[in-house]
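Novice: Once you've looked at the hints, go ahead and assemble the two chains, each given alone in its own frame, into the complex.
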Amino acid sequence: MHPWIGAGAEDRARILAELGKGSVDELFSQLPESVRVDSVGVPTALDEASLLAVLEGMAGQNVTLDDMPSFLGAGVYRHVQPAAVDAVLSRAEFFTSYTPYQPEISQGTLQAIFEFQTIICQLTGLAAANASLYDGATAVVEAALMAHRIHRGRRNRILVAETVHPVYRRVLDTYAGAVGLAVGTVVPSPDARVDVDALAAAVSEDVCGVIVQSPNFLGVVEDLPAVAKVAHGCGAIAVQVVAEAASFGVLLGGGELGFDIVCGEAQSFGIPPGFGGPHLGFFASRGEYVRQMPGRLVGETVDSEGRRAFCLTLSTREQHIRRAKATSNICTNHGLMALAATVWLELLGGNGLTALGRSCLSRAVWLRERIGAVGGGWRLAYPDSPVFNEMLVLGPGTGPELVEQLAREGVLGGVPSRLWGGSWPDGVLIAVTERSSVRDLEALVAAMGRVR
Amino acid sequence: MSVPNHLLFTKTHEWLRRDGEIVAVGISHYAQDQLGEVVYVELPDTGLTVDAAEELGTLESVKAVSEFFAPAAGEIVEVNERLNDEPNLINDDPYGDGWLVKIRVSSIDEDAMLDGAGYERFLAEESH
Chain G
1 MHPWIGAGAE DRARILAELG KGSVDELFSQ LPESVRVDSV GVPTALDEAS LLAVLEGMAG
61 QNVTLDDMPS FLGAGVYRHV QPAAVDAVLS RAEFFTSYTP YQPEISQGTL QAIFEFQTII
121 CQLTGLAAAN ASLYDGATAV VEAALMAHRI HRGRRNRILV AETVHPVYRR VLDTYAGAVG
181 LAVGTVVPSP DARVDVDALA AAVSEDVCGV IVQSPNFLGV VEDLPAVAKV AHGCGAIAVQ
241 VVAEAASFGV LLGGGELGFD IVCGEAQSFG IPPGFGGPHL GFFASRGEYV RQMPGRLVGE
301 TVDSEGRRAF CLTLSTREQH IRRAKATSNI CTNHGLMALA ATVWLELLGG NGLTALGRSC
361 LSRAVWLRER IGAVGGGWRL AYPDSPVFNE MLVLGPGTGP ELVEQLAREG VLGGVPSRLW
421 GGSWPDGVLI AVTERSSVRD LEALVAAMGR VR
Chain P
1001 MSVPNHLLFT KTHEWLRRDG EIVAVGISHY AQDQLGEVVY VELPDTGLTV DAAEELGTLE
1061 SVKAVSEFFA PAAGEIVEVN ERLNDEPNLI NDDPYGDGWL VKIRVSSIDE DAMLDGAGYE
1121 RFLAEESH
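If you're matching them up, the sequences are chains G and P in order.
To convert, note that position 273 of the first sequence is 273 in the working numbering; the numbers rise steadily by one, no gaps.
In the working numbering, each number is its position in the second sequence, counted from 1, plus 1000.
For the record, the hints were derived by calculation from the structure and aren't laboratory data.
Do not take every clue at face value.
What the hints assert, rightly or not - Ranges of calculated distance between the beta carbons of each label pair, as one might list FRET restraints:
#, chain 1, residue 1, chain 2, residue 2, range
1, P, T1012, G, Y101, 25 to 33 Å
2, G, K325, P, A1124, 23 to 31 Å
3, G, G235, P, N1091, 46 to 54 Å
4, P, A1124, G, V183, 45 to 53 Å
5, G, R307, P, R1104, 34 to 42 Å
Just so it is clear, CB atoms sit at the ideal spot from N, CA and C, and this is done for glycine as well.
In isolation and in its complexed conformation, chain P is listed as follows (with noise of 0.2 Å):
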């Protein structure tokens, strides 16, 4: 699957889009395809204020356990309720029903955040 241009991306492998000031979190193509099939999501408590790096749930899989974190400080206002019962939604859609929560920004440092070629150089020097 290619790399979305129209996201940007942090380097722990979560995905940004934005929507005036809010914004929606997830995990990228990538990040999904090494923690395997996802069958347990803990998400944050909507209303929650978070800083940025800050970790907001676990995501678990069958093999694997993984945290990921707030891209982006700010409140959480909405959250993925769908992942309770259909956590593959990460695994299937991890641009677009698979989203996890979304944020109000209060600070965002996009300059810190890599677009969808940057991420996929990213990736490719990771890989080495």
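Extracted from the complex, chain G is given alone in its bound form (with noise of 0.2 Å):
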């Protein structure tokens, strides 16, 4: 076979030979069919200029967020992106390098990473964070693995708000099995906020953790004192999710109102959304509880001629070294998104963010004020619950339907608020940041208007 030319027919006849198998799809055939493709669309052998042809022929039958005012978020969303981010992410000694373990090669991605945990631990009021995990979905198991290790395994029980993002709960699902935790899920009140008394009369002595999203999977924010109270009123460990990262420029961590752990998705720090990703993950904790975090950790030293130097720290609760008794399976971080993020955030600084916070919150109170008076059966599922920049928004008609009524008026209005399923009513979750202008808040009310 050539190095780097990819196998040809007769080297796939081989490898199939030498595997046993008769077929590629054969090779395969542990894959589920309907995660399964057939064929992409494009014709083999193919020179670079015409596979390029081909591929843009494509990609332009995408509508993209250019394309249409676009409020789409439930977890995703788009602020605003300086060039420099990617200009400092494009450097070589930052997009080429591998994990530090030598801090005697590695001091700028020690300290790039060390600045992240900085700004996290900040933003969450917490006292220590991690170097980054993939995104909010992992984040959230890894919280969930971290209350069940705390309680040392003896409490076999997480309770889990319903308004904690669907994706993120079927991820812990998936893992919480694995090591015997059942999931309890906590259904919101008619306001959308987690009931308090239901959280108190579920909770109980073998109960590790209670995962909250604040804001949640809603758009609203939750009673985070009241949450903690519960939560640590049976010894458990108090966990607040938070997917939109651009919700610190107004609100309070969760660590300054008592919660033990503050993780989520950090992807509105400098990382544009793209289809599948990259994502962000991060992950803050209480400082006693911190060799039981997962992930990498970026400690302050002094070099061996008292210099300021930075180094990985605490590994021994890591793949790496604790081999099977590690605190968690990863055994990396998220690099060159953590730099992306610290970028960003260095770039808007702390007056920056709260400047961006407060845009996205004055144009979603705007539009709250404006949906109520379009009419026509649209209106706010929950006029009366404090938001950040997201809100449940019922119409004339189901969520899908409605998205697809306001794509053809040239709006994407949102995402079906039951696109995974939920107890909530079916309608539009509806995004705004400080990127929503003026007159896409107007398309989106006037095309509200003319779907009825």
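Specialist: Have a look at this one:
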């Protein structure tokens, strides 16, 4: 075989013969039919320019966020994207460097991660943050496993608000079964906030953690101190999940409101929405639990000449040392994305992030008022609940119908609220950010007026 | 350091000192030497009921992490809180101030234990 040209028909036949398989399909027969693709519609053996033309033609069929006003959110948000982020990211010193095990040659990467951790601590109000995880869903899983570990595996139930992002909950279900952790769901009150009385009735001495998302999947800001109080009342670890990290611009991190772990998705920090990612998980905890934390940690130290320096620390928690008893299977971090977030946050600064958060919030407030006046069956599902930048809106039809009709009116109006199920009403989750221009917002309201 | 003969040992390198129904537990000089400088100790909660050979906690050194186990079944009545701030006591005085936990024993299989001389022979065999 040629070292860098793909396998030809003869090579494939040899590989299959060696494996004892009759065909490529047989080789992949364990993959479910539903995820297999027969053909992607690209002819074989094209020259580079011809292939590009084919692919660009295919890509051109997509509606992108630049083609229409977009109010898509539900866990992925479009925020301001300064060119400096990519410029720093694509420097070879960062772009190609691998895991910084050797501090003597990795100070740049280590310092960037240390700054990322520092900012996450500042935003969450907690003492220790790790070097990042892959995404919000796995961050929630790690938080659940950590709560289970803190209770040394003796409390085998965890309570999760149904308004934690449904995809995160689905990933959690996948992992929890493997460690014998039963996941209980707490349904929301009619105002879409966690029903604190129901939560208090559901907790018991076998609950290791309570997980809520704020702002939650329906866009509503939770009463975090009340939730933390109930969790701690039974000795459980209180976990706040954040799917829209820009909310830290105006909302206190859960660490300042009694929470033990704050984790979630930081895609909003300098990572543009992309189909399939990449995303960025973040994870912070109270200092006393640092040895139960998952993932890589960078610490500040001094070198042999007394100068400030950075190195990986508390590595004995990790898989490369602790093997099967490591706190987590994650043995890396999302370095480049953590760097993107760090550069983005440092470009904005604290005041910039606050201004960005206020801009999101004021647009959301403006839109909520306008939706109240649209008529034709359009209304806010939770008009009296506090929000940041997202809201569940009901209209004259089901969520998927409304989204389809708004798209025909030239607006990507949002995400169907029951796309992944849920006990809440069927409507559209509408997200605004600082990039939602007045013209975009007017276009959405006008489109709603035409969908009756 | 010679192996004290008034203690009992396990093959997982814990030692026990019986005082009526209370048993103090630590790790042997050999174990702390293998582990290296201990920097963190995770101790169990007092009041916990444990089975023999159940994992009680972890000892973390600068180069490794190791678990320690209950040499007898019973209830944890005391843990060595000093280790939270001075984990190096395990290195400096493994048979004294470096003790880990005290267990009110409900059952103990002393026949499975080694005395000091027996533990020394066990270590000698292990090293071959």
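Novice: State for each hint whether it applies.
Specialist: The hints, checked one at a time:
A C-beta distance of roughly 31 Å is found between T1012 of chain P and Y101 of chain G, which places it inside the suggested range of 25 to 33 Å. As the Cβ distance of K325 of chain G to A1124 of chain P is approximately 29 Å, the hint placing it in 23 to 31 Å holds. About 34 Å separates the C-beta atoms of G235 of chain G and N1091 of chain P, a value inconsistent with the hinted range of 46 to 54 Å. For the hinted restraint 45 to 53 Å between A1124 of chain P and V183 of chain G, the CB-CB distance of approximately 51 Å keeps it satisfied.
At roughly 52 Å, the beta-carbon separation of R307 of chain G and R1104 of chain P lies outside the given 34 to 42 Å, and the hint is violated.
Going through the hint list in order, the structure does not satisfy hints 3, 5.
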